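Novice: For this one, chain A is given, so just place chain B on it according to the hints.
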Amino acid sequence: MAPLAEVIRHLERGVPVSAVSGEIDLSNVDTVEIQLLRDVPTDGPFVLDMSEVTFLDSVGIAMLDRISRRVPAIRLVTTARSPVTRLLDLVGLTLPRHTTVADAVEDVSGS
Amino acid sequence: MTNLTPVRRFLPLITAVALAFVVAVCSFSAWIAVRNASKLKAEQRENLSLLTGAITTSLSQFIDQQTEILQVLGQNESFQGNNVSAIDRRLKRLGSSTAQFAGGIGWIDAKGVIRAWSISSPKRVGINVSDRNYVKTVLTEGRPSVQILRGRATEAPAIVIGVPTLSADGHISGILTGSLQITTMQDLMKSLAPVGREVHVVDTDGQVVASDVRGSLRPVDPASPYQAMLAAGSGIEDGVTGLTGLPGRLIAFQVMEPTNWLVAVNAPQGEVYSSANQSLINELIAIAVALAVLTLGVLLAFRRIRMEQTDGDVRSASSDRLRETAQRFIAATTDDDVNAITTEAVAAVPGTRWAALFGRPRGRSATDDTEHLTQAGDVPSGLSSLQAPTVVSDHIAVLTPEQVRRIDPDGVIPDETVLSVPIHGGDGTQALLAGLEGPPSEADLDEIRMHAENAVQARERAELILRERTARARTDLVARITAGVESEIGVEKRMRVLASALVPGFADMAVIEMPTSANGSRIVASAGAAYQTDDPIGIIRCARDLGPSLIDPDDFPDLDVTDRDASYLVVPMGQADDPTAALLLGRRAGVQPFVADELMVARVVVDRVSVAIEQPRLYEEQRDIAFTLQRNLLGPTSVAIDDQLRVEAEYRPAINTMSVGGDWFDVIHLADGRVALAIGDVVGHGLAAAATMGKLSSALRALALSAANPDELLRQLDTFARRSDGGGMATLAYLVLDLRTGELEYIVAGHPPPLVVAPNGRARFLWEGRGSPLAVFRHGDASMASTRIEPGSKIILYTDGLIERRGEAIDDSLDRLRHAAAEHNQDDPRTMTHAIISAMLDDHPQTDDAVTLVASVDQLGRTFNRTYPARPDQLAEIRQAVGAWMAESEALDTTLVQDVLLGLDEAVSNAIEHAYFGGSDEPISVVIRLHEDSDDLVVTVTDNGRWRAQTTGPDRGRGLGIMRRLFDDVAVRTNESGTEIRMERALHTTRVGAD
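Chains as they are written, first to last, in the numbering used here: chain A, 47 to 157; chain B, 16 to 1010.
These are computed hints drawn from the structure, not numbers from a lab.
Please note: incorrect hints may appear among the correct ones.
Pairwise CB distance ranges, derived in the manner of DEER restraints [said to hold, decoys possible]:
| # | chain 1 | residue 1 | chain 2 | residue 2 | range |
| --- | --- | --- | --- | --- | --- |
| 1 | B | A1001 | A | S155 | 42 to 48 angstroms |
| 2 | A | P49 | B | E903 | 27 to 33 angstroms |
| 3 | B | D950 | A | P49 | 35 to 41 angstroms |
| 4 | B | H684 | A | P49 | 55 to 61 angstroms |
| 5 | A | S155 | B | E991 | 27 to 33 angstroms |
| 6 | B | S904 | A | S67 | 34 to 40 angstroms |
All figures in this text were calculated on a predicted structure; none of them were measured in a lab.
The beta-carbon is built from N, C-alpha and C at its ideal position, and this holds for glycine as well.
If we strip away everything but chain A, and leave its shape as in the complex, we get:
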């Protein structure tokens, strides 16, 4: 069976960017978290692209919460109509968000 979620990492203008696609739930949240943070320095900028995530629940929110405390300079990328945006709004988790990776990299490297 294909994994629920897939993580692709690259550097964009020196900023580590992790892009996750698919669904995140109790069954894969730990694996996804480890893959997302591999080789990411905790004291530098970090862009987490979740625009291709089709499902996220409270364990995913908890994951974002943990990541943001570990890597404070994080920028999220989500689209307006994505379930991630809706859930973030629903639980009131305020992380700096952008709709494109380019905007996020721009923002985080400028700061």
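Specialist: Okay, now just chain B, sitting in the frame of chain A:
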């Protein structure tokens, strides 16, 4: 001796003639009794034969029915060609609906190779079974075949039925075969067999299927007259070795068509005849007693005449006294009379001051003390307190002062001369003491001796009279109780008759206890004492441990009687170590306690009555068989489909009729959330009607799943009813309710109209879709109608027994039902069923059987109902399945679907994490109900785990918070069996993203 009168001369002759007459009368009576007994035996044999016929018919109808079902199924066009995958699909679909074929249904091609099987078992498919007899029969002769196959080591024996399937051009394309577990037939055999009887079926291979050993086959015992029975076709064998080797059996048998199996009902010979033998013994005892009484009467009369004739030899005064006393003795019928006459006679002899009699009242044991019985004359005070030894002297004698002191240490007897007169009798010697004025003369002694002799005879006669009275009373009691018992129907009613017939009169209280199926027991009848029917008091245990016996409650503390001072006896019915019931009789303290003789009486009563109770008359047995058959074939009386539909049905047989009707009903869960409700009535009564009903209901069950709608079903069932032998006319109401939408399609063939009660209590009959009864039904005669049922409505189905009243117009009857249903419109369908039956039938004798069914339509809508193992890897699957299910409803927008999936995911995650500590294979049930009508959606997630106490991490709180934001109402309920999360929301309100 010269003055012999003519009377005296002919006295011996007259006596001889009188005795000869007495003997002749008694012999004649004895002959009649023997003849009656053999008639009774013949009757028992006849009953057993008829019973065997009825059981054979039932069994062959059972096999016929299953064959018919296969034939109906085999007519489907998928069996015409050799498209194996189509056949396999068809069989898999049938698998769940034809549950009686527990071994599955298969299709064998014309070469004898199994090509498809309803129960997935790849091992079966592909096997060449062309060597099996049934395969040969079906393929070469083109007719159905039934065979009992001994299973392999791992399988139970099975009844395999094969019917030919035909290709489009009429050739045999293969065999449709169904496999019934042997236990299915054994259960039927057992339920048909009356108490104490075994039913055996021997198939053509000589294998015995016994009703009492489930799931096994035995070879027929070679010592049994099996071959002779087969040759005879039907009959009865007496005192032979049974088919399974038990000796001394009485076997009634019949060969069953068309399978040629031998059906045998057998019983221990002695048991069947016991009632006949017992009644013969009773009658012979009564005759013997009568013979003795009459003979003694003749002899006493003879003696009296002789005494009159010997007047001249005896001094006249004493002879007058003797004659008078003798006359009084002849008239005396009880011990007390005899005793009083004896003492008075002795006291009247000249020179005698007083006479007193000591002895034991009849029935006392020889170890009891003797008592003062009677006295006469000028009796010294204090005499009655004497403890007189029974035998003071062997013969009449004046006692020595030493002897007097021994019996009278306190000196209450003032007389110098005390005469001791022993009176010997069958039940012990009495002692008569007489106080004399002086030494007695020879003549006085002679007279006293004569009185004593007469007293002995009179006492014997009194004893015989008592015995005769007791025997007659016993026979009367038994006859009265047997007649009373037989006038009632049903074991428990008969038990109540028995108890109340014994109280008062024989006992002060009677209680009967019967074992229950759950290893306990309960009181079924009580008289003269208020014992609650649900609280057994240990009678069964007592009877099992002690057998028939007199009981002192202090010796048997398990016997929980309220009056522990009373005397008790207990008698088991049936086998002592495994009684079918047990009787406890009690007599208050102060009344004479039970004696061994009365225990005998109670045993005789119970023996006779238990024969009547356990072997009801033939017509009743037939009724019982038909009743059992009907019960086996009726649908379940209580059905619930999730929380959408509750159905309750009750079958109430007519009061005091000897036949059972062909009423039936069924509830069938069809695919796609549809439910079929069926009710019908086969015209006629008895075994035939019940069997026809069975055929129709089985066929309906098989056809309901494939029929597209009620129209199609009625057409197919009608064809079946016409084709089937002896189908007879039947009415039917068939309704299909769509639980998603409330759409009700129905068709009514000659049946009274179904009734629908709306939530507001308004009741309306469904008058559309009517046509003539089945088998009379002409194609196109009726076509189905449809209506809409709103949630909270009741659908009421019934047979005419519920409404029919003699002399009442049908419209009035229906009006009564409509009012009763509206008045008793209650939430609980069971209560409502009872209330309607009660309102319709309680104040009126019920003349026909009645089935009443109430279906409560609680919720409508689509339902998703599945169970998953509590593992995280199931979450994605759950979301996928529910997402697909929700997508079927076009009206739901994507945001709503996403919200539901998210809330559901949170709830299931919660259960996995908190009830099962991160994962387990325990089940989590997910139920989602979509009510598009009432515009809401309910998600229920249930687990069976134990939630960890207080794990209020931020995660869990967040999950619950998300659920609360996504749904209008979230309720978490925890109890011992697990936790249920219920979330509810309206379908068509838009929700703000965040609050």
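Novice: Could you run down the list of hints and mark each one as holding or not?
Specialist: Against the structure, the hints:
As the Cβ distance of A1001 (chain B) to S155 (chain A) is approximately 47 angstroms, the hint placing it in 42 to 48 angstroms holds. With their beta carbons about 28 angstroms apart, P49 (chain A) and E903 (chain B) fall inside the hinted range of 27 to 33 angstroms. Checked against the hint of 35 to 41 angstroms, the pair D950 (chain B) and P49 (chain A) passes, with Cβ atoms roughly 39 angstroms apart. Judged by the Cβ atoms, the range 55 to 61 angstroms given for H684 (chain B) and P49 (chain A) is violated: they are separated by roughly 39 angstroms.
S155 (chain A) and E991 (chain B) have their C-beta atoms about 58 angstroms apart, which leaves the hinted 27 to 33 angstroms range violated. A beta carbon spacing of about 28 angstroms between S904 (chain B) and S67 (chain A) contradicts the range 34 to 40 angstroms that was offered as a hint.
Going through the hint list in order, the structure does not satisfy hints 4, 5 and 6.
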